[in-house]
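Protein chains in written order, with our numbering: chain A, 1 to 334; chain B, 1 to 301; chain C, 1 to 224; chain D, 1 to 246; chain E, 1 to 411.
Please note: incorrect hints may appear among the correct ones.
Keeping only pairs whose Cα atoms sit at most 27 Å apart, straight-line, the calculated DSSO-like set for lysine-lysine is [unchecked claim]:
hint : chain 1 : residue 1 : chain 2 : residue 2
1    : B       : 62        : E       : 284
2    : E       : 332       : E       : 386
3    : D       : 165       : A       : 203
4    : B       : 62        : E       : 386
No lab work stands behind these hints: they were computed from the structure.
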Amino acid sequence: MTRANLAGLALALIALAAPLAWPWLKTPVVIAASFGVAALGVSILIRAGQLSFGHAMFSCAAGYAAAFLARAMPQLDSALLLLVGMACGALMGMVIGLFVVRYRAIFFGMLNLALSMVLFSILGKFYSWTGGTDGIRLARSTFFGMQLDRDGFETALLVVAVLCSIVLALVVQRYQQSIAGQALAAVKTNETRLEYIGLSANKALWIGYVISASLCGLSGAMFALMQGLVTPEMGYWVRSGEIVFISILGGVGHPVGAFLGAVVFEFVKLYSAALFTGAWQMVLGFVLIGLVFFVPSGLSGLLFRKSKPVAETPAADKNDKGAAIAPAIEEVRS
Amino acid sequence: MNQELFLLAVLDGISYAALLFLVALGMTLVFGVMRILNMAHGSLYAFGGYFAATLGLWAVAKGLSPAWSFLWLVLAALVIGAVLGTVMEVLLLRRIYHKEQILQLLVTFAAFMIFEDLQRMIWGAQPYFVSDIVNYLGVAEVLGITYTRYQLMVLPGVALVVFFGLRWFLKSSRTGRQIVAVAHNREVATAMGIDAKRICLLTFVAGSMLGALGGALASPTTSLVPGIGAEMIVLSFAVVATAGLGQIEGTLVTALLIGLARSFAVYLQPEMEVLVPYLIMVAVLLFRPQGLFSVAQARRV
Amino acid sequence: MLKINRISARIAGITVLRKIDTEFPAGSLLAVVGRNGAGKTTLLRAVMGLMPLQEGSISFDGRDLASVPAHGRAALGIGYAPEDRVMFPTFTVEENLRLPCDVLKLPRAEIDRRLEKAVAVVPQLKDMLPRSGAALSGGQGKIAALGRALMAGTRLVLLDEPFQGLAPVLASQYGESLRRLREMDSEVCVVVTESNRSLLRDLPDATLTLERGELAVGEPAAAH
Amino acid sequence: MSALLQTRGLQLAFGGVVVADSIDFALEQGERLAVIGQNGAGKTTFINICTGFIRPTGGSVYFDGKEITRMAPRAIVQRGIGRSFQLPQLFLEHTVRDCIRLAAAGRTGVLRMWTPLSRVLPESEIERILELVGLRQRADDPCSLLPEGQRKLLDIAMALVLQPKLLIMDEPTSGVSTEEKHGLMAIIMRVLDEQKITSIFVEHDVDIVTRYATRVAAWISGRIAADGKPQDVLGNPDIRRNVIGE
Amino acid sequence: QSKPAELKIGITTFTSGPASVFGVPAKQAAELYLEDLNAKGGINGVKVVPTFIDEGVGGDKLLSEYRRVVQEQNVHVMLGSISSGSCNTLAPVAEDLKVLNILWDCGTEKVLEERRYKYVVRTQANATTEMVASVLYLLRQKPNFKTIAVVNQDYAWGRDSWELFSQTLKILKPDVKVVAELFPKFGASDFSTEISRLQALRPDVILSTSWGGDLDTFVRQSAQRGLIKNSQFVLPLAESSLERLGTTLPDGVIIGARGDHYFLHPVLKDDPKLKGFVDKFKAKTGAYPIYSVYHMIQALDGLVAGYDKAIKANKGQWPSTEQLASAMHGLKFRGLTDEVTIRDDGQGLEDQLLGTTRKTAGYPFPILDKIEIYPAEMAIAPVGQKSVDWVKTIKPEILKDPRIKTFPPVK
Ligand SMILES: Nc1ncnc2c1ncn2[C@@H]1O[C@H](COP(=O)(O)OP(=O)(O)OP(=O)(O)O)[C@@H](O)[C@H]1O
Ligand SMILES: Nc1ncnc2c1ncn2[C@@H]1O[C@H](COP(=O)(O)OP(=O)(O)OP(=O)(O)O)[C@@H](O)[C@H]1O
Ligand SMILES: [Mg+2]
Ligand SMILES: [Mg+2]
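Next comes chain A alone, as it looks inside the complex:
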């Protein structure tokens, strides 16, 4: 068992134990788990060098799917709603993925952002169905067939969230070692070669995209159950930015990173919101800058640093990459 896996296990135990002592911690821990799952999804794409500034759309859509379903069938079990959320994310990811995996880098990021804004605007606009910006409330339903009160429900959700996190982290770890996962990582460095060994970069990205979308979907459903509320805010681009923030904070090198990042993020946010009212964004901003400057590999990179030195992207390569992404302000000349 590696140090990172041990740390993951410890994190899970703490997540389960701490709320025993301080019951109010249940909410933040479940929310952190939910963000962690989403960040885990986004980090899959980051490993392929693709930054999505729109993945909150899957969480948001999944949350609404769960809410609509719960409204139509109040007897539906909460565990089922979680699955529905995940399925919704996966389904959307498959469809949207067909379109967006053709794009890279900035275009990829911006398309995701634009699509998430479409969803965000629709949810806000068609208010007779969606409740507009105020969103929809979810009534508490049974959990694994048990009718629970608030406290019991929160406990059940906590346990499920932590278990889900562990399982998903392992699944993602396994995926990253697989051909599909490694091919995805290769998308970042050389797509031409990938094509010329007979693998499809778009397909590798599509698989990664669907996995990341399902994770975000599950995260959204988890979040919705915890809050008992879904709002378009869940899909706003700044929320997507926060998910990216968490992935980078935790580091994309190891699945545990996403959860480390989420816990730190949730608590930094909670306390800076309380301590520096009106300046919590600023605090997060400075944290992020510090991170990029001093620990670009994230918390997991810091804790489980590999012995191998990582080469800086050479200047020439960087220029090349840029040229692939964008042909500069060249039109002016021709």
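With chain A held as given, fit chains B, C, D and E with the ligands onto it using these hints.
Leaving out everything else, chains B, C, D and E with the ligands in the frame of chain A:
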């Protein structure tokens, strides 16, 4: 839709497009040269607007003629662009040119978060609004409908001046050519004697000034409220990506496209208004994956 | 003219130049040869200031280049043709050639004069001038890059692997150009790197051999 | 149609510059074709068309009797054409070993996407391949640390792992130092012979062409100006004047 | 239950986002009020300590923070919130957490009509009262109009308030034609296109229940383009923008106050409690109080009155949250203006004040003229009935209801 409404929609679209163009132009210029997508660009828009309003209020308090307002607007944009642009470039961006693009994007995202709060700390949450210049210039009758001269002439006028000015600058001025060279290859440009550091600073400041100019010019017709910048970022992203990254003509065309589509949506299908920019973007990228305008890429195998 | 005093440089924690100590005298043509990864490119980049030095110093006409920023070297009369050519694609070849002089704010007449001289040295340029910088093949790019290096490089011209990928016929024409250059301007110093010794033939006055970032022993530092 | 690779009337121009001027060409099983030619004559472009990187504006390409003209590169690769590049194309963040494994994964196909990468190829097989190109010591280094010449070797090794029927190499020796050039070519050619792989390689060095090619094609301005036995082509006065130079 | 050392209360208010135009002054008001209260010994000797929560962070983050404050800091009384959306979200959670929640500023009538709460009460009027009173004032002042257009913010309040307004209008004046229903994006900063369209349509009346920056921008752009001179504007929430808009607002615009509070209240303007507070608030913040400020004070006054009542009922002992909550129902108390009664369903009864702008020499912004005050009882659905159903039962006689207080024009 009759002819009168049609013309009105066109006028509305153009005045809106003018602002959008200025802001998006700044973003695309910075991206073209530095390959950095500045997420904090919307904040520059907001700061430009707030600062222009502050100067305007001060001028009104001093009893200066509103005719001077034009000076305040431009001055505000230049000062804010120079100050914030320099601060961002020197303190943040300069240190990360050699890092991965993802990290660069995140740094500007962090700057965005900081600016959002900073702006609220400086100007509070009250809406700001200084419209003396609009009142001073008065209204013009267009087909029986009153339209402010400011929106009818000043906004599109400035946008066109900036457009042709920048085109000329990049094409014909010495500095402009240097900017294009750095945009293509920093290292070789340096070997040719170009001070890439200076060019980057210059470009970033110029881009910031354009963003701030958009805000400053918007301030006479808009209330400045917290969050106004976040809105603008997403919109200018949409313009920049639709246009083709780094494309100046493309940016003009796209801004017009989006501005007009938006105003027609208000007349024909108001529910669609907010969706229009994104739908245009998705539609364009579907058929032209590199945006409306793009240059063939250099081959690399 | 250019003195390199025991310089070392590192990339990503690996030392790629070790205490290089040599001199490029005026009016000479030097070849720097060595296997792949020996550090030839790195040496030229160090001279151009594109590569931070770990130790040692480089001086030009007795002046320490540490005080001259990377972009100031062109003003000293140093021209550079990078290994991967890099023509600016939105300029024509002529504009590419004029660029370094333009940056130096030279008078128009002077730029025209230099352009004329460059074309005289490299006659293949003549047909290329109006073409777009993007439309050159590998070999044509090498030629154009040479021309551009000559525009700024009135005193020192650094050419990184100029023969790589050139068809034999073009390679010999390239050699001719270098000879012509030295005939026209006896003071200029030309430094050529090459991993393929045979392509150089009898061109250089002296040859420096790099091995794993070190100057191979037994080589004369420079000679005429 | 018995030829392994055949093109008919390939046509392509970049903004007025004709880079493929109705190229008719056929390659038989077992040949070792060297492509020489002026710079900018269209050699790389020809390879790019045959491997699906660029689509010609006219004409068609057949491989093994099937038309492959408008296929995606990976479909062509899966049919048995491997290629290496003028500028090495590597997975810079992967280790040398993983690059080899990934290349082998391409061979095994899509259905095994979930297989761990480490089980794609037996260790011994990886060692053997790396030994062949002399990269065994660097097996666990990230590619980004390799110097240009070794990158070139790895690039070729990745194409070899695919076990193609036809291997196309774009200037395998350019940028490789004199000392290593011949050794490298000797090894590659030995492997190709052992595995009965047909090959095309672009080369400027006349020595190498003479020594390793069974057939030479010379490109001038988008056309094949001469095609045949090495001594014939290299002796062709037109070619000597325009390509080789006296 | 023993008396706590201090009484912690949580207050949700906007300190960021566009709605901080209400939130920040209200927060200042709360601090001012509690300072005074604590100086006088607090509630029955217990000092009141507030924790403020920013509503501007968005619905779900607000919920997390609300839960944290209640659970971690063990708070039993919450004041939440400004936004109707937040109220709808928080009410069931408060009930769940068994914490008294005073809806202190939001207007949505739905929250208390759709469910009966034990722990949730509202200390001011709801949207029904506000909109019905607005229609009445419009019809009484300008009975002869044929067309109306609406420009509301695109979120629950903008939509719901229009629903109530238009339903009421349809009953009382069926021949009016609605020529445009525009719902620009919440927080929109440019209304040029909407204004162009309205100029082409030339409606007699333009209604907007917008507030904050949106309202300011809309009014200013309308003034610049001359729209405001051609159509009768009805702005039921514009009391909060009067001072900011200054002279931009011409005379003759109909303005609502979301309650009966106004610093120049025709009856109470010299009342020491109101006047004293207005002066103090002006001295501290430099601005006149706006409706969110009055609502905050009203909620705190209601809380103090509720504790007094509960302590009395509990024989002088400190009440449990449950006892406090039940004391709040049926409570009568006075804030800065007229008395408020909390009904059995938790809904407060608060009168409505409307007026028409008029510029005077005394102030750099227009003041309200032709003020009318509508008692809450006549403009609210009875307990147990939903507002949407109730407004359909309104009779035209209501226009002449003698309970409406009218005041002569200001000299
Ligand atoms: N960006 C980089 N990251 C890591 N190592 C590098 C980088 N660039 C160069 N190196 C290493 O530095 C050493 C010297 O490289 P350099 O490019 O100077 O060699 P060269 O002699 O020019 O070789 P070639 O003939 O292949 O061009 C090599 O070992 C190379 O691997
Ligand atoms: N994407 C492109 N756009 C425009 N012109 C191109 C493009 N690719 C190649 N060319 C042009 O086509 C011609 C043929 O190029 P190609 O690379 O095939 O030549 P080559 O024979 O491989 O030359 P070299 O030996 O220098 O590599 C050149 O003139 C080149 O400039
Ligand atoms: Mg080199
Ligand atoms: Mg080639």
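Against the structure, the hints:
Distance hint between residue 62 (chain B) and residue 284 (chain E) is fulfilled; the C-alpha atoms sit about 25 Å from each other, no more than 27 Å. A threshold of 27 Å between alpha carbons decides the hint, and for residue 332 (chain E) with residue 386 (chain E) the separation of about 23 Å falls inside it, so the pair holds. A threshold of 27 Å between alpha carbons decides the hint, and for residue 165 (chain D) with residue 203 (chain A) the separation of about 25 Å falls inside it, so the pair holds. The suggested pairing of residue 62 (chain B) with residue 386 (chain E) is violated, with an alpha-carbon distance near 55 Å, which exceeds 27 Å.
The earlier numbered hint that this structure contradicts is number 4, and it is the only one.
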